[in-house]
Every structure is written in structure tokens, then in C-alpha cells.
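*Asks:* Next come the chains, spelled out residue by residue.
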Amino acid sequence: MMHIIVCIVFRNLLLPSNFEEQFTLSDMRILRLLSISAGLILGGQLISIPASAQDGEALFKANCASCHKLSSKRLVGPGLEGINEKRSEEWLISWIKDPMKMVNDGDAEAVAIFEEYNKLPMTAFGFLSDDEIKAMLAIIPGKPAAAEGATAEAEEEEPVAPMEYTEEDAIAGQLLFTGESRFVNSGPSCVTCHHVSFPGVMSGGLLAKDLTDVHGRLLDAGVSSIISAPPFPAMADAYNGKSLTDEEVLQLTAFFKTVNNNSPEQADTSSMGFIQLLGGGFIGLIVWLVIIYAMWSYRKKESVKADIFKRQLKGNDSVNS
Amino acid sequence: MTLLESNFLPLFKGTFLYTVLGLVAIAIIVTVILYFRAQRMKRIYGVMEEPKKEFAWTFWIMLIAAGLAVFLIKEGLEGGVGMLNTLFFAAFPYITVAIFILGSIYRYRNTGFKVSSLSTQFLEGKQLFWGSQPFHWGILFLFVGHLVAFLFPRSVIGWNGEPVRLLILEISSFVFALSALYGLIVLIYRRLGTRRISMVTNKMDMLVYVVLFTQITSGLGIALFARWGSTWFASTLTPYLRSIFAFNPDIAAVTAMPWFVQVHIISAFFIIAVIPFSRFMHFLVAPIDYIWRNYQVVVWNYNRKLIRKSTRHTFGRKIKNH
Chain A
1 MMHIIVCIVF RNLLLPSNFE EQFTLSDMRI LRLLSISAGL ILGGQLISIP ASAQDGEALF
61 KANCASCHKL SSKRLVGPGL EGINEKRSEE WLISWIKDPM KMVNDGDAEA VAIFEEYNKL
121 PMTAFGFLSD DEIKAMLAII PGKPAAAEGA TAEAEEEEPV APMEYTEEDA IAGQLLFTGE
181 SRFVNSGPSC VTCHHVSFPG VMSGGLLAKD LTDVHGRLLD AGVSSIISAP PFPAMADAYN
241 GKSLTDEEVL QLTAFFKTVN NNSPEQADTS SMGFIQLLGG GFIGLIVWLV IIYAMWSYRK
301 KESVKADIFK RQLKGNDSVN S
Chain B
1 MTLLESNFLP LFKGTFLYTV LGLVAIAIIV TVILYFRAQR MKRIYGVMEE PKKEFAWTFW
61 IMLIAAGLAV FLIKEGLEGG VGMLNTLFFA AFPYITVAIF ILGSIYRYRN TGFKVSSLST
121 QFLEGKQLFW GSQPFHWGIL FLFVGHLVAF LFPRSVIGWN GEPVRLLILE ISSFVFALSA
181 LYGLIVLIYR RLGTRRISMV TNKMDMLVYV VLFTQITSGL GIALFARWGS TWFASTLTPY
241 LRSIFAFNPD IAAVTAMPWF VQVHIISAFF IIAVIPFSRF MHFLVAPIDY IWRNYQVVVW
301 NYNRKLIRKS TRHTFGRKIK NH
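Protein sequences appear in the order of chains A and B.
So in this note's numbering, spot 312 of the first sequence is number 312, and the numbers just go up one at a time.
So in this note's numbering, spot 169 of the second sequence is number 169, and the numbers just go up one at a time.
It is worth saying that the hints were derived from the structure and are not from the lab.
All C-beta atoms in this analysis are idealised placements derived from N, C-alpha and C, irrespective of residue type, glycine included.
Just to be clear, a hint being listed does not mean it is correct.
[As the list claims (entries may be wrong)] To give an idea of the chain A side of the interface with chain B (calculated C-beta under 7 angstroms), a few residues:
| hint | residue |
| --- | --- |
| 1 | N185 |
| 2 | P188 |
| 3 | L206 |
| 4 | L207 |
| 5 | P233 |
| 6 | G280 |
| 7 | W296 |
[Claimed, not checked] Lysine-lysine pairs mimicking DSS-like chemistry, simulated, CA-CA at most 30 angstroms apart:
| hint | chain 1 | residue 1 | chain 2 | residue 2 |
| --- | --- | --- | --- | --- |
| 8 | A | K314 | B | K53 |
| 9 | A | K73 | A | K97 |
| 10 | A | K314 | B | K126 |
All chains should be built: construct the whole structure from the sequences, respecting the hints.
*Replies:* Written out as C-alpha cells, the structure is:
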């Protein structure tokens, strides 16, 4: 594609302008080339190549692993062991593509899961193709037949080791959140997309979710796994190749816990940003207008003959009213 | 069971169809009224020699059409209709750039001397000053800001690390956007309200105004309702734009954005497509060297005697040296 565009540009710039016949001919050629390349681009998007098992593993790691385990253990969402036997493939595909639509449409199983997980919605993965989802489902192991009764006990036996952090970690996490200290791999600070209501933290972005009570909903395991491998496409892009270190994840988790503990007596501060933007914006606008109007005030604003024209028009409105 | 609740006509659910039907009905009524009015005028005054140029209608109709387009894009993208995301964010950029390149070459080669934005400063200067200054300074700063966030995303993220600096950047960008919007409104008012200017106006100018209005208002919406865009632009949209330039579009992040961000992106690419066919063409021939060039003395070397004696009169044209 790039070559074609470059060719078109150079061909047109280099051709002599008086060469009329050549010009029309080359025009036709360019149009043909362009239509072919446009067709290639569109066609390439439409042809979907079936994803293989290796892709399935990579896709699962990129999209699902931060919330779901391949065993029966719960992380943020349920463990996925044996899910292929439990639900039909069509159900899984439509659930993965848009979970909230199924809940809103009143699918009984979907509503049950939604209620079970404290009405915590799952991310929609509408951008995955059916083949990709099938490839991911193929790597999920089935439920071991003998262990039917033993699973519940096994869960009780090995609880997840709680994360240990101190006050200092929470303070360091706050600095990371607001961006006052940079992430080691130079990712963007959290405050640009997320808001938390906490004293001393500016009102944060509105692009993504309010994280004030995130720790109450997701607990240590959920928060830290989402931070270390974001399942949300925009967040994944932002931290692509700039992932946080384990220490930073720990500090941020500690900070979110402090924020959540503080949240009952904390008023919502997210409207502060509106006041800052609108107030600052309109005051700034006035200052800015005064500056530019003063700076270019010497400009001639009327034509040379404006005075003569006005004199002639006095008492004669039909000319230019 | 009313028609609305039935599954018989799923399209009747929601306001969309009613919006379309209402607009069509209004358009038909307006056309009929205008037709009969024109007939009556013709009967009373006879055929007019010079068409009366009025662009207010064009402007409002285009604005409504743009609103409808935005509504459709929002509904389509949020509803996940077909491959709309791929179309708008992976294919549309290349289509627009191809149109831009081919169209510019075509316009340079065919009407090279008309490549400008057709200044109207001679016809009206006062309102132009009040509108053009804030508009152009605002939009220039915004353009440079977007360019910097595209070229040096790390520096922008670094600058925004300190909350005070982030606020300074955001508020000043907001001021530039407000200034551009204010200037644009003054300019629209000027062009629609001055009869002299309407003689050199065409329909593409109205399109330019509508597109710019969409672009600036959606940008203001982003600044307010998806705030601290200066950083997340650098961290999420810069990779997307770079993936487009690398001919390997990665649209996952853009797909997850709120609808007004998507509208902002689509209308930005639309601007690129209409550059060759509108007064946007002056981007390509901006007289940057005017900033540092010397004064020029302009002397018309008309031969007064020849002009006086000339017999080559053409209606509506000044006689020169021939």
C-alpha cells in the first residue's frame, strides 16, 4: 500500500503537465491501482484466518488470565475448569462478546452469575472473532471426573496468601496514582483515566471507571491481577511494553485499600475537575481574547475606500443595505 | 398490545425511525412551500437574472444532517453493527488519505491558480478580525498540541506527571478550544449575515463550518466528560495512530472508547478527505514565509493611455494593458 501511494505521488509530480494524453491514461491507471489496493485492505480485514491452539493460549493470557484461572479457583471471576461441559458453545460465545446484553435480555444463567458476583460486570470482548473465542475455549481443561466432591474441600485447604503491605506502601501508591512519581517502565499515571475520592488527590479522569471502592469489590487478588495484566483494551494498549513492576502493583493495591477504607466518610470529589476546567477555561478565554485582540489591534479592519463608501451611502439605503 | 410493544416491526422500537420520518416529513413540507413561493415570486416579479444567494438554509440543513450522522455513528458503534468499527477505524483513514492525495494532485494540476481559501477581507474586514483571530490562534495551538502528543507521547506523559502541570495543560487547551469555537461562531454569523460575502460563498464553505463545529464541540466534550485527555491521548490514541501509519491498524483500544471520542476521530479523518475540495486547501499553501519576508511594494504597471483608448470592452471586466 505504501509503495503504491508513493508511486502515485511521484508519478504525478514527475509527469510533464503538458502531456495531456499521458495524464488521463495515468489517471486511469492510478484509479485502478487505488481501487485494487482499497479492495485488498478491505478484503484482508474480512478474511478471518482460523486461530490455532497456540493462539488460544496467547489470547487467553492476554484477555482472560487477569480475572480467570484455568483451575476451579476463583480469582476475580470464576475459575473456568469444566466450563465447556457446563455451558454450550453458543452461550459462551455470546456471553464473552457482550455479557451485559445477556444479563439485560434476562438470560436466567447470566443473571444468576451476575448476582453471584456482586453485580460486577465482566468486560465485553466484542472485538474477538468467533474463531478466536473457540481457540481459547479449546485450551480450557475439563473437570476431572473423580474430584467432583473434593473440589470444595480443596478450595478451603489452599487459600490465597494475603498480600502484605505497610502504610509507606500506600503512600508510595498514592504518588504513583497521581503521577508524582513515575512508573519504572514509564507508563502513564492512573489519575489520567481514573478517579478516586481521597483527600490530597486531584479529581481524576472520567474515561474509565471510578476506583474509589474498587478494592471493596475485587479485593487484593482482583486489583493486583488487573493492574499487572489489564484485560481492558484501552488500558492494555496504554501499558503495552510498559507493564508495572511487582512492587508498584503492591503499592497501588495498598493505596486502593486505603482509599476504600476511607470512602464511607469521604465526599465525592469528581465534580472538582469540571469546576477547574470550566472556571479556568472561561477566565482564560477572556484573558486570551484580550491578549490577541490587543496584539493585533493595529490591523486595518476596513478597506481603503470604506470611508468614501459610507459617505456615498448616507441617506441611500437601497445600495447596500 | 400496541405497535410499539410488538415484535412485528422491530424498527419501530426506539426513537430512531421517528427521527428519520420526522426529518423527511419536514423536508417535504419545506420543499413544497419553497416551490410554491418561488412560483409566486416568478409570477409577480418575472424571472430574476441573478440568482439570490442565500446559505443560511444550506448551513442549517447540513448541521442537522451532521447531527443525524453523529447519532447514526453512535448508535451503530455502540450497538456493534457488523464491521462498522473496522470500517471507520481501519479502512476509513486510508480511504480519506487516498482521497486527499489524489484530490490535491488533481486540484493542483487542473485549477492550480484557485488553490486558496478565497479571501473575503476586501469585502468585510471588521467582523473578520473579531472572528478570525481567536479562531485561527486557537485551532493552530490545538493542532500543534495534538501533533506534539502524537510525536512525543513520553514527554507529554512526563509533563503531566505533576498534577499542577496537568491542570495547566488541560485548562490552556480548553481555552484554545473555547477561543476556536467562539471565533468559528463569529465567522459563521459573518458569512451568513453579510450579503457581499454571500456572492463569493459556496456550499462547501458551509460543509467546512459544519465539520469544524462538530470537531470542536466533540473535542470540548472529550475535555469535559472524558477528562485528562492530554495523557490518555498520548498513551492510547498515539499507538493507534502509529499503527495506522505502520499499515497495521490496531483498533481494539479505539473500539472501547466513548462515542464522542470516536466521533472526534472519524470527523478528523473526514476533514482530511475534504481538504482538496474545500477552503481547507489553504493548509497546503499557507504563506508561512510571510512571517519573515520583507515588505513588498506593489505597483500596477497599467498603461493609462492604452486603457483609455481601448475598444476591448467586456462586460463586468476591467480593461488592462490590452
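*Asks:* Has the given pair, K73 of chain A with K97 of chain A, been kept, meaning a C-alpha gap of at most 30 angstroms?
*Replies:* holds (23 angstroms)
*Asks:* Would you settle whether the hint for P188 of chain A is holds or violated, based on the nearest Cβ-Cβ distance to chain B being less than 7 angstroms?
*Replies:* Since the shortest Cβ distance to chain B is 4 angstroms, the answer is holds.
*Asks:* Return the status of the interface hint for L207 of chain A: holds when the least beta-carbon distance to chain B is below 7 angstroms, violated otherwise.
*Replies:* Constraint on L207 of chain A satisfied, holds at 5 angstroms.
*Asks:* A closest beta-carbon separation below 7 angstroms is what the hint needs, so does N185 of chain A meet it against chain B?
*Replies:* Cβ of N185 of chain A sits 11 angstroms from chain B, so the hint is violated.
*Asks:* Holds or violated: the hint that G280 of chain A contacts chain B, with Cβ atoms closer than 7 angstroms.
*Replies:* Holds, because the Cβ-Cβ distance from G280 of chain A to chain B comes to roughly 4 angstroms (cut-off 7 angstroms).
*Asks:* Holds or violated: K314 of chain A with K53 of chain B, Cα cutoff 30 angstroms?
*Replies:* Answer holds: K314 of chain A to K53 of chain B is near 26 angstroms, not above 30 angstroms.
*Asks:* Does the structure keep K314 of chain A and K126 of chain B at a Cα separation of 30 angstroms or less?
*Replies:* Between K314 of chain A and K126 of chain B the Cα gap is close to 19 angstroms, so the pair holds against 30 angstroms.
*Asks:* Was the hint right that W296 of chain A lines chain B, CB cutoff 7 angstroms?
*Replies:* Interface hint status for W296 of chain A: holds (6 angstroms vs cutoff 7 angstroms).
*Asks:* Let me know if the C-beta of L206 of chain A comes in closer than 7 angstroms to any C-beta of chain B, holds or violated.
*Replies:* With a closest approach of 5 angstroms, the L206 of chain A hint holds.
*Asks:* Would you settle whether the hint for P233 of chain A is holds or violated, based on the nearest Cβ-Cβ distance to chain B being less than 7 angstroms?
*Replies:* holds (4 angstroms)
Going through the hint list in order, the structure does not satisfy hint 1, though it satisfies all others.
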